[in-house]
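Chemist: Sequence lines, in order, name chains A and B. Using the numbering used here, read the first sequence as starting at 1 and increasing by one per residue. Using the numbering used here, read the second sequence as starting at 526 and increasing by one per residue.
It is possible that part of the hints are untrue.
On the chain A side, residues computed to face chain B include the following (Cβ under 8 Å) [stated by the list, open to error]:
1. G265
2. N282
3. Y283
4. G346
5. Y356
6. S357
7. P402
8. M411
9. L412
10. A415
11. I497
These are computed hints drawn from the structure, not numbers from a lab. Cβ atoms here follow ideal geometry from the backbone N, Cα and C, with glycine treated the same way.
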Amino acid sequence: MGIHKNIFLFLLPLLSTGYANQLMAQHQPVNNILQWEVDQQYGNWRHTGNAAGLLVDRPAQFSALQAGYSSQAGDFRRPQEARTSTQADVGTLGNIYLGDLYLQGHFGYARQDRRDAEYNASLIDPFRGMPYMIADTNASNWVNEHYRLGFELSFPLKDSRLQLGLAMEYRSSSGAKQRDVRALNRFYALRVSPGVLYQIAPKHRIGAHVSYRNHKEEATNRSVNNEIDQGYFSLYGLGHSIARLGYENLTTSRETNYEADRIGGGLQYGFEGPWSVLLSANYEVGAENVHIGFMDTRPEGTLLQEDWTVILALRRSQAYWKHIIDASAHWSNARGSEYINEFVPGLDSDGYMNRYSSVRSTYDKSGIGASYELIKMNGSQYSYRARGRLAYGKVKDRYLIPSSTFAFEEMLYGASFEKVFSLGSAMTSLFSIGVSVDYRQCLSANYDYGGALPNSLPVADMMARETSYFASDFLTIGVPLVYSFELSAARETSLFIKAHGFYQRADQTFFDHRKGVQVSIGATF
Amino acid sequence: MKSQKYIVNSLIVVFLASCIIFQSCQKINDAREIEDIQYASLSIEAIPVIEEVISTEGLRLVLQNFPEGIRIERTMEAGANYIDNIVPGVYSVTVSGTVESDRGNFFLNGSANNVMILRENETLEIEIDGATVGTFAFSEIFYSGTDPFYFRNQFYEITNNADETAYADGLYFARLLPIAASTSMPIWPEEDGNRYVYTDRIWRVPGNGTQYPLQPGESFLIAQFAANHRLPQYSPNSPIDCSKCEFEFNMNNPNFPDQPATDMQHIFFNGNVAMGSSPQYLTSVFGSALVVFRVPEGETYDPVGNQSLQTRDLSTTSPNLYAKIPRSYVVDAVEAVQNETMATAKRIPTVLDAGITYVDATYNSLGVRRKKLGNRNDGSPILMDTNNSTDDFERKVVPQFRYHGQGVPDWSAAN
Chain A
1 MGIHKNIFLF LLPLLSTGYA NQLMAQHQPV NNILQWEVDQ QYGNWRHTGN AAGLLVDRPA
61 QFSALQAGYS SQAGDFRRPQ EARTSTQADV GTLGNIYLGD LYLQGHFGYA RQDRRDAEYN
121 ASLIDPFRGM PYMIADTNAS NWVNEHYRLG FELSFPLKDS RLQLGLAMEY RSSSGAKQRD
181 VRALNRFYAL RVSPGVLYQI APKHRIGAHV SYRNHKEEAT NRSVNNEIDQ GYFSLYGLGH
241 SIARLGYENL TTSRETNYEA DRIGGGLQYG FEGPWSVLLS ANYEVGAENV HIGFMDTRPE
301 GTLLQEDWTV ILALRRSQAY WKHIIDASAH WSNARGSEYI NEFVPGLDSD GYMNRYSSVR
361 STYDKSGIGA SYELIKMNGS QYSYRARGRL AYGKVKDRYL IPSSTFAFEE MLYGASFEKV
421 FSLGSAMTSL FSIGVSVDYR QCLSANYDYG GALPNSLPVA DMMARETSYF ASDFLTIGVP
481 LVYSFELSAA RETSLFIKAH GFYQRADQTF FDHRKGVQVS IGATF
Chain B
526 MKSQKYIVNS LIVVFLASCI IFQSCQKIND AREIEDIQYA SLSIEAIPVI EEVISTEGLR
586 LVLQNFPEGI RIERTMEAGA NYIDNIVPGV YSVTVSGTVE SDRGNFFLNG SANNVMILRE
646 NETLEIEIDG ATVGTFAFSE IFYSGTDPFY FRNQFYEITN NADETAYADG LYFARLLPIA
706 ASTSMPIWPE EDGNRYVYTD RIWRVPGNGT QYPLQPGESF LIAQFAANHR LPQYSPNSPI
766 DCSKCEFEFN MNNPNFPDQP ATDMQHIFFN GNVAMGSSPQ YLTSVFGSAL VVFRVPEGET
826 YDPVGNQSLQ TRDLSTTSPN LYAKIPRSYV VDAVEAVQNE TMATAKRIPT VLDAGITYVD
886 ATYNSLGVRR KKLGNRNDGS PILMDTNNST DDFERKVVPQ FRYHGQGVPD WSAAN
């Protein structure tokens, strides 16, 4: 408590630095959720991870509260994905200008009900890139809860040429499934990112930020039906696994603990001219250790991951048109290490001793993409938006010894159009309808297993279905709808109802389709 | 004063942040230092310890990494044998073969369990010892029980696999520790060396020495509970009816009363002759390490009265006492485990049983059965017994008494 109090006292003076200045909103507020979404997308610096750049973006002063429900179902899915899932969520965000200081914050809660998910009994999110996990063969239902809380602040130091920023986010999740092998998971993540921005010339700015992220996930597994053992697998990547049966001691459970640290940083260059140009490069490196058990703990695996991201963002705003051009490239290289441990019995023993460690798998991903959006403005409100996007992605995973590979290349093509209709003369009541079409083309996909257990379920079923998924060409059609009406012009309050439906169909006889709908209501003020 | 306080607080924050950053950098640096996996290699030499074996040339060498399903098999040459391109891991290394001598066929076994073959130029020496084919052999074992959760139909079939009449009188029966295969092994007194195996409970076939004769190829059965398990009050799904078994492990449980089968004689539990309070003699439904043994003529074996034949598990502080069984007394041994990945948790010394057998699940009504080599002139079966239950046993069989046509002893109620 003492430390928390001191940190608060340390931050409070920073927050109050700008308080002596004029307490006035520095930006024209947006009137509804549609205008806010464009304002968010148009901002250059807010997507770099450097909070110091938020004052450059000058976000519109805006607050929103939203509650939603979504549902999706279909057999076009990865094996570890739920066949059907529903989610109820509530979120809020807001910002304020305190003189020269800018502060924005957000909070969100979501409860998910995921049904018939397979081959996962130790991770809330089996797709977060962690290969070391427990996989059971019973399709199970997961109930997950997610909390997210964060803020970003930015303020000038001494003069407006030098700006500092700080972003923090805390996330907490829990998950459980009630079918043997049962799981009870807890997850938390904390991210801190201070940044700095300096105006080297009237139209030129350079920025830099560093980031630190820590996350932990604790999974507790047990079988309630101790008379009939459930088989399960310890997965090690690309289908390699060890089959296990129940637990050595049926009265205990198994704990799997994931602990990760990531550090990184980024450099930015911004130019303000007829076009607003931003070039950003980020690098992050992190390591996640996996341990089994609290008593007689032993290392199970380590994932070392490096990520590079380069972003080029171009913006231009004219009387009737806004242009948004984004281009990005991303590279990710991860190495998975495994351990060979020996249990040393005896009262004086520390339990498991690690005898050998080696990198046994690598996971390489790369991608490049670009998009262009044209927005037709009608005063502060847009009339329509049209967007086109193109991307290329490549994945190559390898298990070194015995050699196995999983690789695919893909192209993504997308286009969307959205039109806003005014339902009254004063444009206080708006209805937006759109359509988006995305096509994913598989250029190549293959899986070669070189281990000694080709008939094991992780190889013969899980990885076979995973390969079929990524070998699929599929089309996604989405229809977004938004209805917004102003409650009070004086208080700048409006209500909105949003709906979004999508339908996904794969060009494969192995799969059928997937579809979903999302509905939310909210208020902006 | 206030500015000093804020400076101190700032330094505290910076210090804490530095500690966190340092720790995370350490974790990342440790991960960076791990190198890519490389193949390992092994130089292995088999050392014979019995006079009959002069050379190890021609013996079969098997390296098995059960968790990863890797098996490497070679025919040994004399002297050191070099094997490369081994995936680093924990291996079970077995050298086996047969040699004929004036003393009969010797089945040679030598092995090492949990051998870590991790890097290039690892070395290993294995002592090759031999055991003759015993008179009695486990011919069928059913331990997994029947769904849902019924375990009282466990039984053990023992066959006279020799060419002359043998007597079951005084044959001892025990399960070794740990009760279910586990990588967490007990610690026994160092001074015991390799002379003993260890058990929590010992039984013995009663008799005056000639009361229970078995002709070559005849078998007898010991049941946990010698009742008709297919009765409605027990387990209608049971694959067998044990009411004609010759012997049973009677624990005086009033809910499962004594049956007509002859009671096995209880010899040892926790340092005493008394049975204790356990309601049944249940060997693990995951599979136990079982031995039958006989005390040689002229020797005495009293694990209750002779405290040198008792010990505690020195890896714990528990006062429970366990009995030592001299390895030289063992007639037959069978190692049953949960599944093949538990080969690293063997309890039976490899000279007695170099392998494992399993049924992969519990309460699946499946058992293990020794294979048949052939038949005698009178048609009685000769069972396979190389002291390696991986090779000697068929797995996941539907239990059936005397499957290979073993004869029923004259004194049996099954006649």
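Chemist: State for each hint whether it applies.
Modeler: Verification of the supplied hints:
{"no.": "1", "hint": "G265", "result": "violated, 12 Å"}
{"no.": "2", "hint": "N282", "result": "violated, 17 Å"}
{"no.": "3", "hint": "Y283", "result": "violated, 13 Å"}
{"no.": "4", "hint": "G346", "result": "holds, 5 Å"}
{"no.": "5", "hint": "Y356", "result": "holds, 4 Å"}
{"no.": "6", "hint": "S357", "result": "holds, 5 Å"}
{"no.": "7", "hint": "P402", "result": "holds, 6 Å"}
{"no.": "8", "hint": "M411", "result": "violated, 32 Å"}
{"no.": "9", "hint": "L412", "result": "violated, 32 Å"}
{"no.": "10", "hint": "A415", "result": "violated, 41 Å"}
{"no.": "11", "hint": "I497", "result": "violated, 44 Å"}
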